[in-house]
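Asks: The lines below spell out each chain.
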Amino acid sequence: MAQKKFVVGCFDDEKVLFPAVKQVRTAGYKIQDVYTPFPVHGLDHALGMRETSLHTAGFIYGITGTTTAISCISWIFTKDWPLNIGGKPHFALPAWIPIIFELTVLFAAVGMVMTFLWLCQMAPGVKKHHFHKRATNDLFVMVIECTEKTNAEDLKALLAANGAVETDIQVAEDGWWFGTYDNDNEVLYKQVAH
Amino acid sequence: MASIKEQFEIPGKLKTWAYALMGIGGAALLYGMVTKGFSKDEHEQVHFWGTLMYNTIFWTLVTNAAMFFLCFSTMAQAAWIQSFRRIAEAISTLVPVFGAITFAVLLYVVLGHKHHIYHWLDAEAVAKDPILRGKTGFLNPTFFIIWTTLAIVLWSYFGYRMRQISREADENPMDKETATKFNIRSMTRSGFFLVWFGLTVASTVPWLWLMSIDAHWYSTMYSWYTFASSFVAGMALIALWVIYVKNKGYLELTNQEHIHDIAKFMFAFSIFWTYLWFSQYMLIWYANIPEETVYFKHRVQGPYKPIFFLNLVINFLAPLIILMKRSAKRNFTLVAFMAVLILFGHWIDFYQMVMGSLMKEHVTLGWLDFGILGFFVGVLILMVARSLASKPLIAKNHPFLKESIIHQV
Chain B
130 MAQKKFVVGC
140 FDDEKVLFPA
150 VKQVRTAGYK
160 IQDVYTPFPV
170 HGLDHALGMR
180 ETSLHTAGFI
190 YGITGTTTAI
200 SCISWIFTKD
210 WPLNIGGKPH
220 FALPAWIPII
230 FELTVLFAAV
240 GMVMTFLWLC
250 QMAPGVKKHH
260 FHKRATNDLF
270 VMVIECTEKT
280 NAEDLKALLA
290 ANGAVETDIQ
300 VAEDGWWFGT
310 YDNDNEVLYK
320 QVAH
Chain A
305 MASIKEQFEI
315 PGKLKTWAYA
325 LMGIGGAALL
335 YGMVTKGFSK
345 DEHEQVHFWG
355 TLMYNTIFWT
365 LVTNAAMFFL
375 CFSTMAQAAW
385 IQSFRRIAEA
395 ISTLVPVFGA
405 ITFAVLLYVV
415 LGHKHHIYHW
425 LDAEAVAKDP
435 ILRGKTGFLN
445 PTFFIIWTTL
455 AIVLWSYFGY
465 RMRQISREAD
475 ENPMDKETAT
485 KFNIRSMTRS
495 GFFLVWFGLT
505 VASTVPWLWL
515 MSIDAHWYST
525 MYSWYTFASS
535 FVAGMALIAL
545 WVIYVKNKGY
555 LELTNQEHIH
565 DIAKFMFAFS
575 IFWTYLWFSQ
585 YMLIWYANIP
595 EETVYFKHRV
605 QGPYKPIFFL
615 NLVINFLAPL
625 IILMKRSAKR
635 NFTLVAFMAV
645 LILFGHWIDF
655 YQMVMGSLMK
665 EHVTLGWLDF
675 GILGFFVGVL
685 ILMVARSLAS
695 KPLIAKNHPF
705 LKESIIHQV
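Sequence lines, in order, name chains B and A. Positions in the first sequence are counted from 1; adding 129 to them yields my numbering. Positions in the second sequence are counted from 1; adding 304 to them yields my numbering.
Among the clues, some could well be false.
[To be verified] Straight-line Cα separation of at most 27 Å, DSS-like style, residue types lysine-lysine; simulated pairs: (1) Lys706(A) x Lys144(B); (2) Lys217(B) x Lys601(A); (3) Lys664(A) x Lys217(B); (4) Lys257(B) x Lys285(B); (5) Lys151(B) x Lys133(B); (6) Lys552(A) x Lys309(A); (7) Lys418(A) x Lys439(A); (8) Lys609(A) x Lys217(B); (9) Lys340(A) x Lys609(A); (10) Lys133(B) x Lys285(B); (11) Lys319(A) x Lys550(A); (12) Lys134(B) x Lys285(B); (13) Lys134(B) x Lys262(B); (14) Lys480(A) x Lys144(B); (15) Lys257(B) x Lys159(B); (16) Lys217(B) x Lys134(B); (17) Lys706(A) x Lys151(B); (18) Lys706(A) x Lys552(A).
[Stated by the list, open to error] Short, incomplete list of chain B residues facing chain A, as computed with Cβ under 10 Å: (19) Gly216; (20) Ala221; (21) Pro227.
[Said to hold, decoys possible] Here are the simulated distance ranges between beta carbons: (22) Val145(B) x Glu472(A): 32 to 40 Å; (23) Met337(A) x Thr193(B): 53 to 61 Å; (24) Lys552(A) x Glu143(B): 36 to 44 Å; (25) Ile189(B) x Val713(A): 22 to 30 Å; (26) Ala431(A) x Ile199(B): 21 to 29 Å; (27) Leu669(A) x Lys151(B): 54 to 62 Å; (28) Pro610(A) x Gly177(B): 48 to 56 Å; (29) Glu143(B) x Pro477(A): 20 to 28 Å.
None of these hints come from the bench; they were simulated from the model. Computed from a prediction, not measured in an experiment: that's the story for all the values here. Backbone N, C-alpha and C fix where the C-beta goes; we use that ideal spot for every residue, glycine too.
Just chain B, with the same shape it has in the complex (with noise of 0.2 Å):
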């Protein structure tokens, strides 16, 4: 929770962001993101972003689906309650594994909607900084934070450089606050004036 100095470049054109981002990132600044209107096609790895780990998350938490099921139910029905189902022994392998597969896949789902949830930092009345309304529209918005390095002024003339149709230097909250928008109240009200 901390007000930072970011300067943002907005671009509206597929084609002009990808050399842009490289021009920026040889120049030695770091990207903290590039906010799109749809998913591009190539741009995590333009911007040197790390794989995702969600799938080994995914994995462990199928895991843990599996070995519940595997325990719950085989302790239920050949220690705590055992039963005689059709004659079948209590150790009823090829019956479990519908309900272990089910249980996998519900851990693993609901686990991995959770994590992605908690990465995206993204929740009912979770609000985060919006650097340029028009991002989930039409404008294609990089967004680099300043360090004691470096010079504003410049990074903005050379986003300028690169294509950027709009430049703009703000100071705006860094993480996610719980609550509502300054703004909302105005955005409200001109809607029910409309």
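With chain B fixed as given, assemble chain A onto it according to the hints.
Replies: Chain A in isolation, oriented as in the chain B frame:
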């Protein structure tokens, strides 16, 4: 694209291997045919013809799976296959060849009245047997022969039409209008194949050719199971050829992105196969009705037990564990290894499906099986290589080719 090598030249080593396999395998096949196939002993006869049957049916269905892959990809307008589609096409040219062998073998079995293989051929037994009598509308020699002929001829014909239309993409660049028409025509042709494939491989043909060996027994999972088996083996075969041809310095436009997707098919359909394997097994295990469990009796508790569970290890556990990681699916060596393993595994699967019912007392896996397998592999290598060499390796004016080149997973 100036540096693309369009013309495949068959490496000498490959030819040597193909001829060696065909020679040794052919010798085993002939020796087996003389000593067993035409011997007086019916047990020996069943051994030979059963072994030949599962081999030829396996390879027919596996090569046909390559055409199925092309057709459903065309139907889905999947562009990524275009850079290596000629490999799948070359594999599918084997359908008429293996189909003819299958047809000859099945014709011999049915007309030669081999009722130890197909019990429903025995008219006296059928007359006394209410269950088999009820099946005579489907299990009779006339229908068997007509349907088998239709199946093999139409697979070959629709496959031929698909390969022909692909050749149109070799000649001239297409403008937008021609490309749209070409696309619609390709989809129409693949539709014919797919419908016929559904009526045959995914339903009737496994019932007729394989399931009717156990004439009293039936399983609604059987055809899907057979289809899954042959399809995953077909994908493995495509992977193997793509990697081989690529390693020889061709297929410059095919890279690990494409291999990744092929390996995904191998991974996914291995699990699909297991799903069917298990569904068939569990329902029969749970219901525990004698006329159903008879199929699994000698497989799970009899002499076929090791093969039955080896089948599950090779075809389920190995692909699940080894091919799960993204990096494994992008590793050419590992994918090639898994492709060989999966092909072998499903060959074993077909072995236990057929011989497990014909030779209930003991496992017959031996020189005859591997000899005949060698013969088929030899024919496959030689004919696929020849087919690859006979036309350009890349359909260079295909409207979807560019999408395939930039394919990214």
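Asks: For every hint, state whether the structure bears it out.
Replies: How the hints compare with the structure:
| no. | hint | verdict |
| --- | --- | --- |
| 1 | Lys706(A) x Lys144(B) | holds (18 Å) |
| 2 | Lys217(B) x Lys601(A) | holds (16 Å) |
| 3 | Lys664(A) x Lys217(B) | holds (26 Å) |
| 4 | Lys257(B) x Lys285(B) | holds (23 Å) |
| 5 | Lys151(B) x Lys133(B) | holds (24 Å) |
| 6 | Lys552(A) x Lys309(A) | holds (11 Å) |
| 7 | Lys418(A) x Lys439(A) | holds (18 Å) |
| 8 | Lys609(A) x Lys217(B) | holds (20 Å) |
| 9 | Lys340(A) x Lys609(A) | holds (26 Å) |
| 10 | Lys133(B) x Lys285(B) | holds (16 Å) |
| 11 | Lys319(A) x Lys550(A) | holds (17 Å) |
| 12 | Lys134(B) x Lys285(B) | holds (13 Å) |
| 13 | Lys134(B) x Lys262(B) | holds (18 Å) |
| 14 | Lys480(A) x Lys144(B) | holds (24 Å) |
| 15 | Lys257(B) x Lys159(B) | holds (20 Å) |
| 16 | Lys217(B) x Lys134(B) | violated (68 Å) |
| 17 | Lys706(A) x Lys151(B) | holds (24 Å) |
| 18 | Lys706(A) x Lys552(A) | holds (23 Å) |
| 19 | Gly216 | holds (8 Å) |
| 20 | Ala221 | holds (9 Å) |
| 21 | Pro227 | holds (8 Å) |
| 22 | Val145(B) x Glu472(A): 32 to 40 Å | holds (38 Å) |
| 23 | Met337(A) x Thr193(B): 53 to 61 Å | holds (56 Å) |
| 24 | Lys552(A) x Glu143(B): 36 to 44 Å | holds (37 Å) |
| 25 | Ile189(B) x Val713(A): 22 to 30 Å | holds (23 Å) |
| 26 | Ala431(A) x Ile199(B): 21 to 29 Å | violated (51 Å) |
| 27 | Leu669(A) x Lys151(B): 54 to 62 Å | holds (59 Å) |
| 28 | Pro610(A) x Gly177(B): 48 to 56 Å | holds (51 Å) |
| 29 | Glu143(B) x Pro477(A): 20 to 28 Å | holds (27 Å) |
In terms of the numbered hints stated before, the structure departs from hints 16 and 26, listed from lowest to highest.
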